[in-house]
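Asker: Line order of the protein sequences matches chains A and B.
Residue numbering for the first sequence follows the working numbering, beginning at 18 and increasing consecutively.
Residue numbering for the second sequence follows the working numbering, beginning at 235 and increasing consecutively.
If you are wondering where the hints come from, they were derived from the structure by calculation, not from laboratory data.
With a straight-line cut-off of 25 Å between C-alpha atoms, the simulated DMTMM-like cross-links for lysine to aspartate or glutamate are: (1) B:K288 - B:D492; (2) A:K200 - B:E547; (3) B:K480 - A:D128; (4) A:K198 - B:E557; (5) A:K136 - B:E557; (6) B:K482 - A:E282; (7) A:K140 - A:E123; (8) A:K281 - B:E407; (9) A:K281 - B:E410; (10) A:K325 - A:D315; (11) B:K428 - A:D236; (12) A:K140 - B:E481; (13) B:K496 - A:D128; (14) B:K496 - B:E292.
Note that the structure is predicted; figures quoted are calculated from it, not measured.
Read off the chains here:
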Amino acid sequence: MAEKEDKINEGSPIDSGTNSNNAQQDSTEGWFHRLRKGILTSTAEKRDVPEGLWNKCPECGYICTTTELKENVYVCPKCNFHHRISSEDYFDIIFDDHQFKELFGELTSKDILGFTDTKPYSKRIKETEAKTHLKDSMRVATGKVKGNDLIIACMDFAFIGGSLGSVMGEKIARAIDHAIKHKTPFMLISKSGGARMMESAFSLMQMAKTSGKLSQLSDAQVPYISLLTDPTFGGVTASFAMLGDLNIAEPAALIGFAGPRIIKETIRKDLPKGFQQSEFLLDHGFLDFIVDRKELRDKLDQIIILFKG
Amino acid sequence: MPQYPNRQFLDFEEPIRNLYEQIEQTKKLASKNPKIDYDSTITQLEGAIVEKRKDITEHLTPWQRVQLSRHPDRPYTLKYINKMTTNFLELFGDRNVKDDKAMIGGFAQLDGHTAMFIGQQKGINTKNRQLRNFGMANPEGYRKALRLMRLAEKFNKPIVTLIDTPGAYPGMEAEERGQGEAIARNIYEMMRLKVPVICVIIGEGASGGALGIGVGDRVLMLENSWYTVISPENCSSILWRSWSMKEKAAEELKLTSDYMSKFKLVDGVVPEPIGGAHWDYDASAENLKKVLIKTIKELEKISPEKRITQRIEKFEKMGQWNEA
Ligand SMILES: [Zn+2]
Chain A
18 MAEKEDKINE GSPIDSGTNS NNAQQDSTEG WFHRLRKGIL TSTAEKRDVP
68 EGLWNKCPEC GYICTTTELK ENVYVCPKCN FHHRISSEDY FDIIFDDHQF
118 KELFGELTSK DILGFTDTKP YSKRIKETEA KTHLKDSMRV ATGKVKGNDL
168 IIACMDFAFI GGSLGSVMGE KIARAIDHAI KHKTPFMLIS KSGGARMMES
218 AFSLMQMAKT SGKLSQLSDA QVPYISLLTD PTFGGVTASF AMLGDLNIAE
268 PAALIGFAGP RIIKETIRKD LPKGFQQSEF LLDHGFLDFI VDRKELRDKL
318 DQIIILFKG
Chain B
235 MPQYPNRQFL DFEEPIRNLY EQIEQTKKLA SKNPKIDYDS TITQLEGAIV
285 EKRKDITEHL TPWQRVQLSR HPDRPYTLKY INKMTTNFLE LFGDRNVKDD
335 KAMIGGFAQL DGHTAMFIGQ QKGINTKNRQ LRNFGMANPE GYRKALRLMR
385 LAEKFNKPIV TLIDTPGAYP GMEAEERGQG EAIARNIYEM MRLKVPVICV
435 IIGEGASGGA LGIGVGDRVL MLENSWYTVI SPENCSSILW RSWSMKEKAA
485 EELKLTSDYM SKFKLVDGVV PEPIGGAHWD YDASAENLKK VLIKTIKELE
535 KISPEKRITQ RIEKFEKMGQ WNEA
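For reference, chain A alone in the conformation it holds in the complex (with noise of 0.2 Å):
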């Protein structure tokens, strides 16, 4: 029950039906699988973990130690396979010294209509509170890469599966007048399910709301780098994740609008391999190019040069 619970939490209350990653997740053994979750969730929970121990790739069954897993930037230095992070381990590889500061950390969610699904929306939020260590699914902090400033908004998926509700849209507004007013470059970071349903009409305002905010950062001349990472769906493909003056993604990340299975389910045919992984949006003209995590500094270094010089 408890599985199944934490299934909900994590993957689904979101408008594309998609939980992707989690059948990998089901698959992994007893104590890889805890592991894996302690990596996967939040740094909170991760620090836990005691240094040391092992790690299994549930792409390619690779075993190596947490800590040379975290020197590879959670990258398989096997196969290559980007585990899921979160926005403090985003913020940790990016900017420059570890250094950041976090903005807006005061605003959390409320149950502006009395939603009740499975449990009450208010005791849900409490609850993915508790668990996660997290506010809301998107946090937003400042800092320096290779000296030069950058804000960046990061989603985490751990909280109600990165969905999109009020607060992250209040954020994604802030961070743009933020940027705006200090004439700093600003990336968002998209890994999320879609719109958040139990804030119903007020999720899919925010799909409205940040993309007018992102119309001022673009009369402002301020350049706004988009990250898809895996899985990005739904509501947030559908608005800011897809209106980068650069979109770019991480390797083999599940990128859409309609979740896989709901796509399955409407075509009734099997979906082909490489469907909605970056590479696939590549192909067809939709991303400027993919970046590979151990190489995203370096990257976000010579956009940042390039927009300035």
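Could you slot chain B with the ligand onto chain A? The hints should help.
Answerer: For chain B with the ligand alone, coordinates are given in the frame of chain A:
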């Protein structure tokens, strides 16, 4: 609109069908017994039908409103355009991939003034429903819509979108051609259009598929339409892992026009004839036409720059959170 016996009845409309049947029987009796006057009986029964329509309207559950929004006799986009406007010139194609039959559009005159009309179109019979893909547009539909909006902008004509969709089409080709990007682009560009934009949800307003033509200076809902992030059926399937909770989902989502207006997520509600738009196409179109003419006039008084600023600010206000 269809007349009895070609009318279709939802389960909660069945009492009305019974009244119609009584009228038919009374008429038969009348033809057999020409000496007896049945007129008053028929008038009474007709009055009872109106009363019943009123009664139904007053006690609709959210799910019943969703059912009304999908009523097989409900007027669709082209019906409204034909009833409200003159000189409609339908335009086709996205100039790129193809023409999407689920998304229609063209210039027409409203009260003698040219405007661009765009909307999802549902089919009126089995064959037609497939042709229209049940009102589920592909990326080329959204790009066709944007092309027409740009055309309107170039010639300084206001834009009216009529929204009626169960969602953007979740197909393989749709993904290949960038369904997400197409909707995102429309939302973004609509925010910046220099001409007045009015969006009206006339039936189903499901998710990004609706919002893809749904960003405007004024967003209105017909009384018995719904608008939210997901259909009640899909919401039930995802949150409850069962198709059986759609009624409950419809309640929880608070997707009806009264709630949406109260939340200030839409700017107004356009009343429908008693019992729903399917009872009187002319009256439905007339109600909407009046509101559109008035709203366009209001919006045209505002400068384009100010309109865009106000449009962005309106959406920026949407959302609620706690802040410690
Ligand atoms: Zn591997």
